[in-house]
Each structure stands twice: as C-alpha cells, then as structure tokens.
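Start from the sequences and build out the full structure, keeping to the hints where you can.
Chain residues, written in single-letter form:
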Amino acid sequence: MTEIDLISPSRQSEWGWLAVVNFILGGAGSGFYLINLTTMVIDSSFLEQQTSVPYDIVSLSIITLGLLCVAIETGRPLHGYYVFSQWGKSWMSREIIAFTMFVSAIVLNYFFPHWILNIVGVFSALFFMITQAFMVFSARAVTSWNTAIMPFIFLSSGLASGAGVALLFTLSDISAVGHTLPQISLLCVAFNLAIWLFYVRWYSAVSFPSVTGHLKLKSHLRKMFLAIAFGHFMPILLLLLLLWRSQAQHGAGEMVMGVLVGGSGLAIIISVAAQKAGIILSAGYTRRIVLKV
Amino acid sequence: MTRWGMVIDLRKCIGCETCKHVCDYANLVPPGANWRRVVSYSMDKGLDLQQYLSMGCMHCSDPPCLEVCPTGATYRRPDGIIDINQELCIGCGACILACPYKARSINYEDKISWKENIGQGTDGRKNSDRIGVCTKCDFCLSRLEAGLKKGLKPGSDPEATPCCVRYCIGEALYFGDLDDTASEVSKLIRENRTSCLNEELQTHPCVFYIF
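From first to last, the protein sequence lines stand for chains F and H. Numbering of the first sequence is given in the working numbering, commencing with residue 1 and proceeding in unit increments. Numbering of the second sequence is given in the working numbering, commencing with residue 1001 and proceeding in unit increments.
Bear in mind the hints are in silico, worked out from the structure with no lab data behind them. Treat the hints with care, since some could be wrong.
To be verified - Straight line, CA to CA, 25 Å or less: simulated DSS-like cross-link-like pairs of lysine-lysine:
1. F:292 x H:1187
2. H:1153 x H:1187
3. H:1153 x H:1020
4. F:292 x H:1020
5. H:1020 x H:1102
6. H:1153 x F:292
7. H:1102 x H:1012
8. F:292 x H:1012
9. H:1102 x F:89
Unchecked claim - What the simulated footprint calls covered on chain F by chain H, stretch by stretch (three residues with Cβ under 8 Å from a Cβ of chain H suffice, anywhere in the stretch; the number is not a length):
10. 175 to 189
11. 280 to 290
C-beta atoms are modelled at their ideal positions from N, C-alpha and C, and glycine is treated no differently.
Spelled out as structure tokens, the structure:
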C-alpha cells in the first residue's frame, strides 16, 4: 500500500479571533460561576461577601459577550434561531441550549432565589463548558482538535480562567479573599497545566504524525508551551506566596494582597487566553488528504 | 434504493481542469470556493511523472459535516446526496471544519469565478442568495432531478448527468447508481482496483478512484 499525499495540511481560517474570544469568555464565565459557587459552599464567610454586582450576573454577562462575538463571525446571524433545532446531534445547538438553561437559572434565581436554581446553574455552566469542547472536538478536519483530550482541556482551562476571574472579582473587597479561593485556584491552575502538558505530549505522540512535515508547527507549539508554562507557574508562585503570608499571619497589607491576588488572577486569564488562541489559531491545521493505492 | 456516486479513473485523467471550470460555470461558484478541484501528484518521484486527481464533495455515507450542522441545513437525501438548505444555513463554518476533504466553503461576496453579476445559475439559484452561507458540490442536483423527471438515466444520458462528468475530455469521470449492480459505476468498482480518499476516517465516501 502506497500513500499518496494529495493536499498538505494548511491552517484553518474559518474560526478566527471572534471564535477564540467566545471560547475564552465562555470558559471564563462558566468557570467563574462554578468556582465562586464552590468557594461559597466550602467557605461560608466567602458567602457573606457582598459586591454591588452579583457574581452570577457577571458570569452571565461574560458568556453572553462571547456568544455575541461569535455571532458576528457567522455568515447569517439573523438566522440564529434555527440553532435550537438540532440539539439531538449538534454540539453547537447544545451550546445554545446550555446557555438558555443558564440564563433561565440565573434570572429566576435573581427574582426567586432557591437552591434548586443553583444546581440548574451549575449543571448548565458545566454543560456549556463541555459543549464548547465538543464543538472543537467534532472538527474532524483539524487534527489537533479532533483528539480525545480536548474536552479535558476545555474543562481545566475553563475552571482555571474562572478562578482567575474570581480572584480579580475579590479585589473589590480584598479582606474577604480567605484561604479557600486561593487554594481552589491553585488546584485549578495546576490541573490545567498538567492537562496542557499532556496535550502537548499527546499531540506530538498521536496526532502529529498525521501532519508530518509541519516542523514549523512543532516549533511553534514548543514556544506556546513555554509561554503557557510561564503563565501558569507565575500564578502558582503568587498564590503560594499569598497562602503562605496569610497562614504565617504576617498581616499582609491590603496593597500586597491586592498585588498577589490581582497579579495571579490576571496571569491566569492571560495564559488561558493564550492557550485557547494557540489551540484554535496556531495549531488549527487541517488534516492532509491522502489516497492509499 | 438509489445511491448516487462517482467513479474517477485516475489512469485517464489528464489534468485539463475542464471538470473544475465547467462546474464553476454551471454552478456560479464564487471565487476562492472549490466545489471541484484538480490536484497533481506524483506516484514515483524518481520519474517526475505528474498525475492528476479530480475531487469535490465525497457525498459520504457517514458524513462528518452532517452531525455538526447546528441548524439542520446540511442534510442527506434518500438518494445519498449531501445537500445544503441555504435558507437554514447560518454560515457558522462548523461543517467546513468537520469535512476532511476541504469540499465546503462560505460565499462572502456577490461574485462568481468567471463573470460578475450574471443573474442565476443552471440550478436557478442566484449567487446573491448564497452570501454568508456554505456551498459545495451537490452532484448538479437540479440537472439530475430535471433529467429524472424526463425519464432520463443519470450517468448514461448527458442531460441528466453532473456537468463535470458530462464534459470530461478524457472520459475519466463516471456517474451512476452505486446500489444498482448493473450500473456502469458498480461494474467499474467491481472490475478494477479502487480506493477512496482518507479511508481511515471511515466516512465511507461515494466517490471512488480507479488507480
């Protein structure tokens, strides 16, 4: 059997920056909701933290902004209502269904607070994150997306960026940060880093041979790895410092706390954004077309 | 049951690109879109002998584009042809990224490959109606249906046969019913060594290549 190379891999151009923004904001918004709610369940003092804007409204706004961005990228956004029809087979349809469920849960909870609505919110936020992952995974023409690890990447990066937003959100009342949120954030960032490292290795090991010859892509991924590792190691260091200072009761000033919390939150968000942009734009190469004779 | 398909004899293809140009002409294919393309390859690099392969939508039996379409615009007809309902398509690009054969593209401007603002194509569709939606080869569906109404046999009667097949100079392209064991395409598949593109993906294309 001889394999004839007919068309070499080329960078996809269908999903550009606006789609990337949707994936970044979708993960950050749903992750923020999940992280904030988890922190509230574990740490009751965090529950008492009051901000002028409720966290769930912020989370909803972030996701909505992402979807508005991707709507601009579509050819006929005004026909968007048809998207509800294919929930049985299309992950893009399911994404919109998950979003609708999330909106309903948040709005209803705002007017008629009930714990069941929080559970619906958690379920729909998690489902939203997963639908975005499977949208990317379903692209069979793109080798680096159509890998089984993709759902884990979206889950871990969504939770990490959510933790980043949650850290930034606490800047409005820095005294309420406590231990729980930094600890959860630390776990999320470490988890995301581990998954990313696995993806880079996985990509090289399993999918890469099918796009043989793309040394340029390989070297690019190496650079991406360095950027992302740095973007993850820095917040890990800052969060460890934050936990150490508060545990040692050094009485860290609000200024120092603000720098540690804000710095780690910002670094996480930037690194996750780079991670998703890297997957969609830099590593988005189409599969080569071959004929076996 | 009818299942339309194509057989392309690579031994006969001379790479003239008539199939591509006639397709562009008949279907008002916009610039940048490739409903049909001809790629060159070399079996034996030492001999530097160029060979050619014509390709378009593979009308797969297990099409990856179908399951990702969020509006149901991409659908499979009972005769196996994968078509796009342009009224439903939102131009999200998911099907383009799902298709491993680069057979789909979104039309962004009111231009066609060979002449601007011509009005409408042989399928009766205006190019302006297709702006912002995904387009691809549909085996010249309008010709096929019109021919069948007249009692013609696609693949045998030129009027009912896709343009690329009808006008192929080297007679390398064949069209017909894959489920009909007496059809020419079935005979060619039976009697020759054939292969499909990217077979490992298990999309089960309805376009076969004789090599």
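task = Hints the structure violates: just list their numbers, smallest first.
result = Hint check: 6 and 10 fail, others pass.
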